[in-house]
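Student: Below are the chains, spelled out letter by letter.
6 protein chains.
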Amino acid sequence: MKIMVINPNTTASITRQMATSCNNYALPTTQLIVTNPTLGVKSIEGASDGLNSAYHMIELIKKSELEGVQGYVIACFDDTGLAAAREIAKGPVIGIGEASMHIASLLGAKFSIITTLQRSVAIIESNAKVYGFLGACCQGVHALNLPVLDLDNNQKGYTKMLAKAQQVVKNDHAECLVLGCGGMTEWGVKLSNDLGIPVVDGVTSGLKLVESLLALGLSTSKKITYAFPIEK
Amino acid sequence: MKIMVINPNTTASITRQMATSCNNYALPTTQLIVTNPTLGVKSIEGASDGLNSAYHMIELIKKSELEGVQGYVIACFDDTGLAAAREIAKGPVIGIGEASMHIASLLGAKFSIITTLQRSVAIIESNAKVYGFLGACCQGVHALNLPVLDLDNNQKGYTKMLAKAQQVVKNDHAECLVLGCGGMTEWGVKLSNDLGIPVVDGVTSGLKLVESLLALGLSTSKKITYAFPIEK
Amino acid sequence: MKIMVINPNTTASITRQMATSCNNYALPTTQLIVTNPTLGVKSIEGASDGLNSAYHMIELIKKSELEGVQGYVIACFDDTGLAAAREIAKGPVIGIGEASMHIASLLGAKFSIITTLQRSVAIIESNAKVYGFLGACCQGVHALNLPVLDLDNNQKGYTKMLAKAQQVVKNDHAECLVLGCGGMTEWGVKLSNDLGIPVVDGVTSGLKLVESLLALGLSTSKKITYAFPIEK
Amino acid sequence: MKIMVINPNTTASITRQMATSCNNYALPTTQLIVTNPTLGVKSIEGASDGLNSAYHMIELIKKSELEGVQGYVIACFDDTGLAAAREIAKGPVIGIGEASMHIASLLGAKFSIITTLQRSVAIIESNAKVYGFLGACCQGVHALNLPVLDLDNNQKGYTKMLAKAQQVVKNDHAECLVLGCGGMTEWGVKLSNDLGIPVVDGVTSGLKLVESLLALGLSTSKKITYAFPIEK
Amino acid sequence: MKIMVINPNTTASITRQMATSCNNYALPTTQLIVTNPTLGVKSIEGASDGLNSAYHMIELIKKSELEGVQGYVIACFDDTGLAAAREIAKGPVIGIGEASMHIASLLGAKFSIITTLQRSVAIIESNAKVYGFLGACCQGVHALNLPVLDLDNNQKGYTKMLAKAQQVVKNDHAECLVLGCGGMTEWGVKLSNDLGIPVVDGVTSGLKLVESLLALGLSTSKKITYAFPIEK
Amino acid sequence: MKIMVINPNTTASITRQMATSCNNYALPTTQLIVTNPTLGVKSIEGASDGLNSAYHMIELIKKSELEGVQGYVIACFDDTGLAAAREIAKGPVIGIGEASMHIASLLGAKFSIITTLQRSVAIIESNAKVYGFLGACCQGVHALNLPVLDLDNNQKGYTKMLAKAQQVVKNDHAECLVLGCGGMTEWGVKLSNDLGIPVVDGVTSGLKLVESLLALGLSTSKKITYAFPIEK
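These protein sequence lines are chains A, B, C, D, E and F, in that order. This note's numbering applies: residue 1 is where the first sequence begins, and numbers increase by one. This note's numbering applies: residue 1 is where the second sequence begins, and numbers increase by one. This note's numbering applies: residue 1 is where the third sequence begins, and numbers increase by one. This note's numbering applies: residue 1 is where the fourth sequence begins, and numbers increase by one. This note's numbering applies: residue 1 is where the fifth sequence begins, and numbers increase by one. This note's numbering applies: residue 1 is where the sixth sequence begins, and numbers increase by one.
Honestly, I wouldn't trust all of these hints.
The list cannot tell twin chains apart, which means a pair is met if one copy fits it or any two copies do.
To be verified - Derived PhoX-like pairs (lysine-lysine); straight-line CA-CA distance at most 20 Å:
hint : residue 1 : residue 2
1    : LYS222    : LYS170
2    : LYS232    : LYS42
3    : LYS129    : LYS232
4    : LYS160    : LYS222
I should point out that these hints are in silico values taken from the structure, not numbers from a laboratory.
Model the full structure from these sequences, guided by the hints.
Tutor: This is the structure in structure tokens:
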């Protein structure tokens, strides 16, 4: 199975972290490509960053389709460009936002999400509403107030995250925590140990879901919403 | 008030129809610009078309900001790129999807939407869910099964629309109908006469809402979600 | 356009404040009447006050229909008697509660409402639920715990409002604030300056929406819910 | 227990039917008064009828409070004036719309409502949304398209009702039917026999709920929303 | 009317408290049986306790059907086994969770629930969501963090409850409180006096609802969901 | 990974079909056990069947915990006993109802479910509401009106299913279909080919999800709702 994990921003160090995480969990039969578009923005903080990144990510997916990629993970928690990617690709496409919400729903009655900036909260909440999780298992989306690029190799960032997570878990009665940014992928195991509850990382969750779909012989329905774009 | 109505697709004949509609309703004090990006797609049918168009529309808005445009209407019923545009622009930005749903909510207890293709229905429903209208006043989104570019100067299209509208009004107990595509702007008055209920066109509705916001001295909050993009 | 703004309570000083606000924003082509019924209650604080006021307001509207009024604003945030008024009037009728929620939804991803008394909160929340805004853009309805009649010319009231607003904005992550009482109409501009976010006043918002509907040639659907009352 | 069942319209023959139904089910310890205001409208068909009736009903309740009435049933399916009545009365007040939805929820997983006119559907749906039943047990509100006053002693009306009920039960997979008008109170037992499922009449349901609340020593909370009106 | 109130756990002292409460409110015509299964668990704290108890409760109901019991109250706030019991029994079956939420909805615009342990909160919230109350009248479900068996004859428990209730009432703006455990049945009257708002006990509420249904000649619909189990 | 797929009913031929399906998709590293309790009911048709089966399934899980089973699939579409099983087991537990809804949400904007009997529809809808899918991706739950035991080796059953599926896909605009009963597991691939859209089988979907969770080192949160049962 040839699976591509796309970090939609252009920061290679984040892409490398994602690669490290994914390599820990990929099946032996998975031919894993973890990459990012060369054009776009360094980090996705808000809708215009997301739109810019998605535009270039779609170009990358178009090219990758010709190279036989069979499934994709979009490694931005906003699931930016997800619907467009589903139209373009023949195989399954999973956003890490949806991936982690699906997985977290299987682990506890209540989960909460911690993302980077407050400006991303409404985007994630809208997604969670459309997916159905907001007000179901999802108790809330909270901001760490730390820019994406400050997550990288940042002990102070982790300390801030742990404090925030402890507060969120207490207030929301959350039984499971979701890492609300692809750049937090390294923190999952340590945070779970420190909190004593499952912590879900969307990057690796997305990878396992794509592997599962491919194993099941399932892919995006090409019937209506995600049909290939109409030639004009 | 310098207001720009943007048809996000590149089909000039549709832009001209929108201009005709808007000229009928603009205030004398409104300096109206109705235009489209020169790059993108001929019509927006699905998410990847929408993403492509939005990308180029944002470039147009960035340029227009420097030229003193004070408010914008995004004349695609999917409200494509709306959140990104709100981040970029200083003045108010209104999508015709949201505009027509807000206006229709003021006219009857129940309204329904008729759009072009079935593939757009889930996009519009997701928007209507996030805005709050789906299951409130909005009774449903229906497809005419007619491509956007076939709407243009098309008597047969209108006949099909009227038949569909009559059926939708009956089944949904709709008291008001919403034209679910910017390319339908010419049909509003005639369809209202033929159906005997108000028919809402988002293009002109959006224009009046932008004029109203500007008159009230109100614009997009720049505090959190729609703050200007962060320089990196 | 002959438009009537009705303060449904009988306190003329509040009606005068509304007139001042509306005169600042009405179109030159608008023939504006700002008035109140002579019977009813001095302020609307709860459902029985609202019912009493609405009863007398409907009488006023019946009379005004004969005098050629083309559109109405009901200037009580509870939107009291709105559905009945829509049945009686030929032209559009807008409540300031709905008006401000529609307008606020166009300005930010999240808004909150501050009203006068806690006893009005459930009424407003029920409206916001039926309109679709509660849990969509609307983050909550909060009480200032200040009676309506204490709002008038009240510097202490404003100070209390500002403090409450700052707290609500912080807790709700609100990007826009809605004045939850017609008697707060004077506070809009000042409060917006003090908070640094848009503040929506329903009275002037309602006026611009009625003007917009009339300009668009749109009025209440007379087909089902808001058909003229049946003679018996 | 002195309990008053108020038919809010002025048609005495409907009041008499309600009295017949209630006498069949009242406890021996209940001192039952079934009455109607002398002013108002002959039938409640829409919001302005409802407002008019509610205004006069409130006057009746004020007077009845002085005469020691301990609990009330408002026998209009729109629950018109319910919140106002709860403010005025010291004892419990129950609308027949809410009463029948509560009772129906206890009898089957899905129930549907059949009311008289289509114009009442949105009113009832809004109530059902605020109470929480719409989309929970309540599958829909349907119109018989028969005016309230035609229900009276009307074999043709019953035949129409039975046909409509059979269709609704089939389409909605309803396991229980709710009579959506106080004037249908006579039809309950016969319709249940003809349909083979429970049929809920709000008038008698409301009576039993008021009796139950009084027996339990429970009444309307006077703390916030339904506190007595504020003297001004 | 032969009515059985079943405490689904095996703790006889709790059953006795329920009997005391019910004897205070039962009609003279009610032949009341308050009992518990002899097998199962001592208290229901979580889903597996609930499943175990429900299994044995169903056996008890099967036997009681043969002994002419006409209606049942399931006196566990989780409404454990309610749907199964409705299939088995010919007469009405009411859970105390649903009973108290229905009754509380009739008393105030907002109510809150206090249960014993945090682990029961998600169960109750799911029920409240399915019934329709969560986000309607029901403002929240809170845990006292006191095991069920510690409720019994426990002055310290009551003191803790009162403090929690005061806090919940304030934060939720609750106008009515619901006792979220059958073992709290003794606290209702005293807590209502101490809080100054209605307090709803599900055990007695359930009893009055079953009596009411029987008086109205209504029982569980045997048409679809609660049809008798299919012989295989 | 030692994974147990439990058919909660006692019909071995259905268990064998599930084994066949699972063997096609299990990882080489998975030690797969497909089994059923020896006590209970032959098929689960309604809540009392579900309760009976769940009781015996929990006994099986308790025993299996001692034998080192690391993860479970509950192969009844009602997800019967799921919460209780999550409390008992140390490793992840997935119901095939939830599994298939999660997977289907990843494949198209809209999916519909076809189950066996109408009496199961309300159970599945309640689950779908609590999980968040109903009104999100899930468009509806439909009944084939075929008992579970008639699914087995039944060409006529398949023909009926195909006809029903075609109708549901058309009416619901479903892009993906979910097999709403564990006994339909054999039909997935053929039905997908015949319909031209993805068809999701919960049994194999559940298996891949449990494998994924185990691979990710994730299991049920033992903090609150699914903590091990409290010893009394």
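Student: How would you label the pair LYS222, LYS170 (within, between, both, or neither) given a Cα cut-off of 20 Å?
Tutor: Only across copies: LYS222 and LYS170 sit 15 Å apart there, 43 Å inside one copy, limit 20 Å.
Student: When Cα atoms must be at most 20 Å apart, do LYS129 and LYS232 count as within-copy, between-copy, both, or neither?
Tutor: Classified as neither: same-chain Cα gap 33 Å, cross-chain 30 Å, threshold 20 Å.
Student: Regarding LYS160 and LYS222, is the shortest C-alpha distance of 20 Å or less found within a copy, between copies, in both, or in neither?
Tutor: Neither. Shortest intra-copy (43 Å) and inter-copy (25 Å) distances fail the 20 Å Cα cut-off.
Student: Between the shortest in-copy and the shortest cross-copy C-alpha distance, which are at most 20 Å for LYS232 and LYS42: within, between, both, or neither?
Tutor: between (33 Å within a copy, 7 Å between copies)
Figure legend: structure checked against the earlier numbered hints; hints not met, in rising order: 3, 4.
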